[in-house]
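**Q** Listed below are the residues making up each chain.
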Amino acid sequence: MELGKRDVEKIVEEQVEAFEEALLERVRLVEPTPRTILLALDHSDQDSMATSLGAEIGRRHNAVIAVTGGFPDEMEEEARSYLSEASHRLREEGIDARTLWAPEKKSFDKILWAQRESGADILILPAPYFRDIETLGEDSIGTNLDVILARSPIPVLVIRNPGPEPEEVLDRIHLAIFDHTPPSQASAEWAILLAGGGRMDVLALVEEELVEMMEEALVSEGITEEDLEEGLIRSLVPLVSAVLRRCDDADIPCDVDYVTADLVDTITRRAGRRRGMIVLRGYEARDRPGEKVAREVILRSRAPVMVVKEPTRS
Amino acid sequence: MPETYVMAIFAAVMILTYIGIAYERIHKTTAALLGAGTAILLGVSLGLFPYGTVYDVLKDDLNIIGVIVGTGILVGITSRSGLFQFIGIKIVKATGGDKIRLFLYLNLLTFVFVSFLTIVPSMLIIVSLTLVACRVLEYDPKPYLISEAIVANSGALTTYASSLPNLIIGTAAGIPYVQFLLVSAPFAFISFALAYGLLRFFLRRDLGQKPSTTSLQEMRERVERFDEWSVVRDRTFFRRSGVILLGTIVGFAVAPQFGIGLDFVALMGATAALLLSGIDTDKAIKQVNWAIVLFFVGLFTIIAAVEASGLLEVVALAITDLTGGGPMATQGVILWFSAGASGFVDNIPVSATMIPIVSTMGQAGLSMDPLWWSVIIGSNLGGSITPIGSISCVIALHSLETEADTRVSWPEFIKIGGIIVAVQMVVATAYLFLLSTFNMIPTIPG
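Residue numbers (my numbering), protein chains in the order written: chain A, -18 to 295; chain B, 2 to 447.
Worth double-checking, as some hints may not be accurate.
[As the list claims (entries may be wrong)] One side of the interface only, derived from the structure: several residues of chain A facing chain B at Cβ under 7 Å: (1) E(-10); (2) V(-7); (3) A(-1); (4) L225; (5) R226.
None of these hints come from the bench; they were simulated from the model. All C-beta atoms in this analysis are idealised placements derived from N, C-alpha and C, irrespective of residue type, glycine included.
Excised from the complex, chain A in its bound form (with noise of 0.2 Å):
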């Protein structure tokens, strides 16, 4: 005797829903192929970690690195000679490296231009924190930051400390999974590729507020806040199972923790806390402000985050 049967009801439905979701359509993700990295410079100090963790990712996929930067045309000279440099410190290390120079006027279009010439499948950015925090206010990213993640259609690394060494940033990804779209999986299927050899915390996240607003909204239906909280993070399993199974069959250490939140606090806090990378899903320009949360978290984190936006290219 410890349960009524009207308990027993309710429980045993919602257990056989859970094993019923076991059953849906499995999430396949797609194996990303870092064939070429870009990587922007822009003379900071920032410069030294993006180039180290470049090479770094370089050496573990094999891949090519294109050193370009969006310095103005009058800089051309000094410009040319220090991606020169980096080029050549990169090949010394065995990277297979060279220098794009581009005929564009606005640095964000000189750095999508090399993009496109490359053909690079990630941008790796310096951006660092709070700079030019007089000018431009506390709530930018910088003008050329947001075009770029606006506009690129690969994922985009941003650096935003001279921090620590790039095993240490790799060793831990931390995925930030707040709705099932593709762009969501693409970010999961970089943050498993970036995650071999070491380990990764999913942190997939229901928006706190939009629980509030829904539940305002579906008071009078009878849902009650819990029902939609666990109606919300039931929408996110198909794709955190994937990442899951993934990680075991790659034999990744992968912990999930499921929470209903301030978005973007809680991604900061966890990889402030714990150090590693960030990686989500980034956002169209015409997106509204509170689909940034890509936006918000590169404003906030000193770690390195990485945005993606399209689909992996298979």
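For this one, chain A is given, so just place chain B on it according to the hints.
**A** Chain B in isolation, oriented as in the chain A frame:
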């Protein structure tokens, strides 16, 4: 000794309460509290005991309540980690969809889960998994759920913490955790083997013919559709709660050597689970089944009042008279009586009521050690006699009715459960007889 009519009144209160508990016309906790209220009123008004005695009774049973609350929180947290569901799906996939293998594996899984997780959370997981697996494979879930309901009661014998009757008797009698592994756990395996063999025989028609190779291939494909990873919510959470669960089990085993109560171990395990699982404490505590705690408060009060009326002493002496005070005969009667009563009432009130009866027999000079084991084995296995005898039967059969629209009648169930329990009781009688004869029942300290 109070007057006979007083005993008759208290007997009526107890029997009516137990009928209320067994047949759920009103909630079991309400029935127990109503019975306790009536017993207190009668006891105080008839001058049987002062009101303060109620506090003494509850004070004596605080350790049991501590163990129940502590293990309730701990098991509640652990069972929500998703790993037991994960293991369940893995096991179902390992059957390749084969009907007979599925039957064996699900029964083994039930036995193992109940041993570590107790009956309720285990049955809720396994029954749900069975229903979904049978739906996918287009098998009738009836034979599977009937067998799970029955073998769960064998699993309940494995450890001190596997079932509530074990907790009640173990705590009241001061039986060390390790003695469960020496006495009741071996019999848990024996009773499982007996139950499984008989279930295969009784349900042979329902389990049907061996399928063709083609259909086996199709069945394998169907179970392969299960994705075990979809039920895992947090691996850190599981690992931590798994470690705490194991730590608590070890704590139960070693606590008496350090003079620590098992309630302390259970509550510390619960505290560690609350602290380290990452689950919101308010939510976790809200999910403790407080109805069971109040049910115990009511139950212990009724039993204490009935004990004060002298009725249980009379029953104890009557049993001793019936058996002539012979230890073997007495343990046999206690075993069979506990099993029979558990089948029709509920094994928790039965085991709780047996505590003062066995204690009285002990005061009369009988060795109590084998009698406690008789109550434990009888009350756990007796739950399989009827559809209401134990919570495993209630969960399995009620879910079968609501989720699969299949009703199992009392005669249909008793024909299977009753015979299995009878066979298990015969073997249990022999088992306890042998243990007693060869002095293999360890002495309970204190």
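**Q** Does each hint fit the structure? Answer for all of them.
**A** Hint check:
1. Annotation: A:E(-10) was flagged as interfacial toward chain B, and the flag holds, the nearest CB pair being 6 Å apart, inside 7 Å.
2. Using the Cβ-Cβ criterion of 7 Å, the hint placing A:V(-7) at the interface with chain B is satisfied: the shortest such distance is roughly 5 Å.
3. Taking 7 Å as the C-beta cut-off, the interface hint given for A:A(-1) holds, the closest approach to chain B being about 6 Å.
4. Look at A:L225: its Cβ gets to within about 4 Å of chain B, closer than 7 Å, so that hint holds up.
5. About 5 Å separates the beta-carbon of A:R226 from the nearest beta-carbon of chain B, less than 7 Å, and the hint is met.
Comparing the model with each earlier hint shows no violations; every hint is respected.
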